[in-house]
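A.B. asks: Single-letter residue listing:
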Amino acid sequence: EAQVTQNPRYLITVTGKKLTVTCSQNMNHEYMSWYRQDPGLGLRQIYYSMNVEVTDKGDVPEGYKVSRKEKRNFPLILESPSPNQTSLYFCASSLLAGDRSPLHFGNGTRLTVT
Amino acid sequence: QQQVKQSPQSLIVQKGGIPIINCAYENTAFDYFPWYQQFPGKGPALLIAIRPDVSEKKEGRFTISFNKSAKQFSLHIMDSQPGDSATYFCAAPSYNQGGKLIFGQGTELSVKP
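As given, the protein sequences belong to chains A and B, one line each in that order.
Just so we're aligned: 31 in the numbering used here is position 31 of the first sequence, and the numbers increase by one with no gaps anywhere.
Just so we're aligned: 1098 in the numbering used here is position 98 of the second sequence, and the numbers increase by one with no gaps anywhere.
Heads up, some of the hints might be wrong.
Claimed, not checked - Only some residues are given here: those of chain B computed to face chain A with a beta carbon under 8 Å:
| no. | residue |
| --- | --- |
| 1 | Gln1001 |
| 2 | Gln1009 |
| 3 | Tyr1032 |
| 4 | Phe1039 |
| 5 | Gly1043 |
| 6 | Leu1046 |
| 7 | Gly1104 |
Unchecked claim - Facing chain B, according to a computed beta carbon distance under 8 Å, are these residues of chain A, among others:
| no. | residue |
| --- | --- |
| 8 | Gly40 |
| 9 | Leu43 |
| 10 | Ala97 |
| 11 | Pro102 |
| 12 | Leu103 |
| 13 | Phe105 |
| 14 | Gly106 |
| 15 | Asn107 |
Stated by the list, open to error - 25 Å max Cα-Cα, derived DSS-like pairs, lysine-lysine:
| no. | chain 1 | residue 1 | chain 2 | residue 2 |
| --- | --- | --- | --- | --- |
| 16 | B | Lys1068 | B | Lys1005 |
| 17 | B | Lys1042 | A | Lys71 |
| 18 | A | Lys17 | A | Lys69 |
| 19 | B | Lys1058 | B | Lys1015 |
| 20 | A | Lys57 | A | Lys17 |
| 21 | B | Lys1042 | A | Lys65 |
| 22 | A | Lys57 | B | Lys1015 |
| 23 | B | Lys1015 | B | Lys1068 |
| 24 | B | Lys1042 | B | Lys1112 |
None of these hints come from the bench; they were simulated from the model.
Beta carbons: idealized from backbone N, C-alpha and C, even for Gly.
I would like the entire structure built from these sequences, with the hints used as guidance.
C.D. replies: What follows is the structure, encoded as structure tokens:
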């Protein structure tokens, strides 16, 4: 089954404790992206990757890192999480970047930073 | 920063009603405007999309209306059902960032039986 898999689904952590949210897709998509969803703010892009070893900042990149060493994986790293990073996070992929290529989303990771 | 403005933020209708969700966008270099549907506990999924060489597109009970001169587009759900209760996001391609999608703020729709 074609899918984007994120783990974990739920994560509670404390300020400053490094964490990684994994994302994997099995559709051989070139484009991958991370979003955070907050009430009233919609989906805001954190980082994206056009292909292996090609990553770039989205609209809200502060406090996050990513890497794209393999085509299928695109982990999101929070080196020193803070409470304002409490949010619902989604990984997404598409065949090509942007234009007319549907985004396939994972089921989300709900992160709480205390 | 380019924006897509979506309204209303939440909407409650009775079964059979026709909820309408509106979006307004700024300049865009590409002509592709999708709507995504998100059920609780799930990621958004593509619902319907329009290319503005047409002013309207229908897929089942879902219709997109597009007004290119006003830079607005809207989603209509005919004969709405409780199973349509979800959060809906519109999106528009950015003007200067390789066409990446800019999402609206989302509309939480509740259809009462």
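A.B. asks: Decide, hint by hint, whether the structure agrees.
C.D. replies: Now for the hints, and whether the structure bears them out:
no. : hint                    : in the structure
1   : Gln1001                 : holds (7 Å)
2   : Gln1009                 : holds (7 Å)
3   : Tyr1032                 : holds (5 Å)
4   : Phe1039                 : violated (10 Å)
5   : Gly1043                 : holds (3 Å)
6   : Leu1046                 : holds (4 Å)
7   : Gly1104                 : holds (6 Å)
8   : Gly40                   : holds (6 Å)
9   : Leu43                   : holds (4 Å)
10  : Ala97                   : holds (6 Å)
11  : Pro102                  : holds (4 Å)
12  : Leu103                  : holds (7 Å)
13  : Phe105                  : holds (3 Å)
14  : Gly106                  : holds (5 Å)
15  : Asn107                  : holds (5 Å)
16  : B:Lys1068 <-> B:Lys1005 : holds (15 Å)
17  : B:Lys1042 <-> A:Lys71   : holds (24 Å)
18  : A:Lys17 <-> A:Lys69     : holds (24 Å)
19  : B:Lys1058 <-> B:Lys1015 : holds (20 Å)
20  : A:Lys57 <-> A:Lys17     : holds (23 Å)
21  : B:Lys1042 <-> A:Lys65   : holds (24 Å)
22  : A:Lys57 <-> B:Lys1015   : violated (42 Å)
23  : B:Lys1015 <-> B:Lys1068 : violated (31 Å)
24  : B:Lys1042 <-> B:Lys1112 : holds (21 Å)
Checked against the numbered hints given earlier, the structure breaks hints 4, 22 and 23 and satisfies all the rest.
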